[in-house]
Amino acid sequence: MSGLTLLAALKAFDATVRAGSMSAAARTLGLRQPTLSAHIARLERQHGVELFFRRGRRLELTPFGHSLSECTRRAFRAEEDAMALLTAAGIQSQGQLRLCAVGPYNVTPVIKAFRARHPLVSVAVTIGDSRQVVESILDFRGDIGLLVHAVDDADLHCQPFRRQPLVVFACRAHPLAGAGSLSLADLQGQEFVFREQGSTTRRVFEQALARAGVSIRVHVEMGSREAVREAVAQGLGLGVVADMAYVPDPRLVKLTLAPPGLATHAHFICRQERRNVPLIREFLGAARELATLS
383 MSGLTLLAAL KAFDATVRAG SMSAAARTLG LRQPTLSAHI ARLERQHGVE LFFRRGRRLE
443 LTPFGHSLSE CTRRAFRAEE DAMALLTAAG IQSQGQLRLC AVGPYNVTPV IKAFRARHPL
503 VSVAVTIGDS RQVVESILDF RGDIGLLVHA VDDADLHCQP FRRQPLVVFA CRAHPLAGAG
563 SLSLADLQGQ EFVFREQGST TRRVFEQALA RAGVSIRVHV EMGSREAVRE AVAQGLGLGV
623 VADMAYVPDP RLVKLTLAPP GLATHAHFIC RQERRNVPLI REFLGAAREL ATLS
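Just so we're aligned: 630 in the numbering used here is position 248 of the sequence shown, and the numbers increase by one with no gaps anywhere.
Treat the hints as calculated values from the structure; they're not laboratory data. Fair warning: this is a prediction, and the values are worked out from it, not measured in the lab. Beta carbons: idealized from backbone N, C-alpha and C, even for Gly. It is possible that part of the hints are untrue.
Restraint ranges, calculated between C-beta atoms of paired labels, are given here [stated by the list, open to error]:
#1 T444 <-> V602: 38 to 48 Å
#2 T454 <-> R513: 20 to 30 Å
#3 E452 <-> A420: 18 to 28 Å
#4 A420 <-> E442: 14 to 24 Å
#5 C453 <-> A420: 13 to 23 Å
#6 L389 <-> R436: 22 to 32 Å
#7 R585 <-> T508: 19 to 29 Å
#8 E578 <-> P491: 24 to 34 Å
#9 A464 <-> G595: 52 to 62 Å
#10 T638 <-> R499: 13 to 23 Å
#11 S606 <-> R523: 15 to 25 Å
#12 D511 <-> E452: 35 to 45 Å
Put together the whole structure using the sequences plus the hints.
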């Protein structure tokens, strides 16, 4: 198999993995499906490997296919980065930036500042938990991630953004609603509504309670910040959230924690080798400027 033929076959394989089917991959590459299928069959035949388990119309990567897809993802993402670099040499940057975030509150101001400078760049945001954000960046499915904690990973560049004080909130009928300010000791025995295990806000708050020797009760867990807010509004318990992520509601009261100091810390991440890709560099620069101003 010549170099050009091998490259075409690898592109066909990589596009199939990304798209999830050969028909979708063929449309992405502008090929007829039989041509794309032939590329992959030739790759398997000439190298004596099996890349996919064929289960009817469904394709599933073999263990070898998984290993090869890690290589092709890196290779062809690098090709896209090179094209982005060449595009950025023009008058105005174009393209798409893929963001993965644990929530919208920190990332949207940076998007606004970034797009003011690069109005031709489209931005796609995916919301997930911390584990999903990190995996998306490491797997090249996202360009930049936003977390509310730092990460210690040699493959990731981690840029601090801002500190986020935590606040407690309650429905207006709650006995603590009129307190205004609370100490951790005031929360002894109180019922809370939390996000699922894995939430950084929950972890930071529970660690602070443990250090203070305060016990609370948690009988309701919700899958999103919005669901927690609604459960608290319905009187199912107290909630805790970063101050900037608190959404005012006539049914709710925000209570500050005293003494102050309990907080999470937002960070932007990207792969180390991609931090100077033009669009990524520009976005991180916008975040750095906003962090300086805040």
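Q) Is the hinted range of 14 to 24 Å satisfied by the C-beta distance from A420 to E442? A) 20 Å, holds
(Q) Quick check on a hinted range of 24 to 34 Å for E578 and P491, using CB atoms only. (A) 27 Å, holds
Q: Note whether the CB distance of S606 and R523 lies within 15 to 25 Å or breaks it.
A: With a Cβ separation near 21 Å, S606 and R523 satisfy 15 to 25 Å, so the hint holds.
**Q.** Cβ distance range 20 to 30 Å for T454 and R513, holds or violated
**A.** 24 Å, holds
Q: Using the Cβ atoms, figure out if A464 sits within 52 to 62 Å of G595.
A: For A464 and G595 the Cβ distance comes to about 56 Å; the hint holds.
**Q.** Range hint 22 to 32 Å (beta carbons of L389 and R436) holds or violated
**A.** 24 Å, holds
Q | Beta-carbon spacing of C453 to A420 - inside the hinted bounds 13 to 23 Å or not | A | 21 Å, holds
Q: Starting from the hint 19 to 29 Å, judge whether the C-beta atoms of R585 and T508 obey it.
A: Holds, since R585 and T508 (Cβ atoms, about 22 Å apart) stay within the stated range.
Q: Can you let me know if the beta-carbon spacing of E452 and A420 is within 18 to 28 Å?
A: 24 Å, holds
**Q.** D511 paired with E452, Cβ distance criterion 35 to 45 Å
**A.** 23 Å, violated
Q: Evaluate the given range 13 to 23 Å for the C-beta pair formed by T638 and R499.
A: 36 Å, violated
Q. Does the Cβ distance between T444 and V602 fall inside 38 to 48 Å?
A. Because 43 Å falls inside the window, the suggested range holds.
Of the hints listed earlier, those the structure fails to meet are numbers 10 and 12, in rising order.
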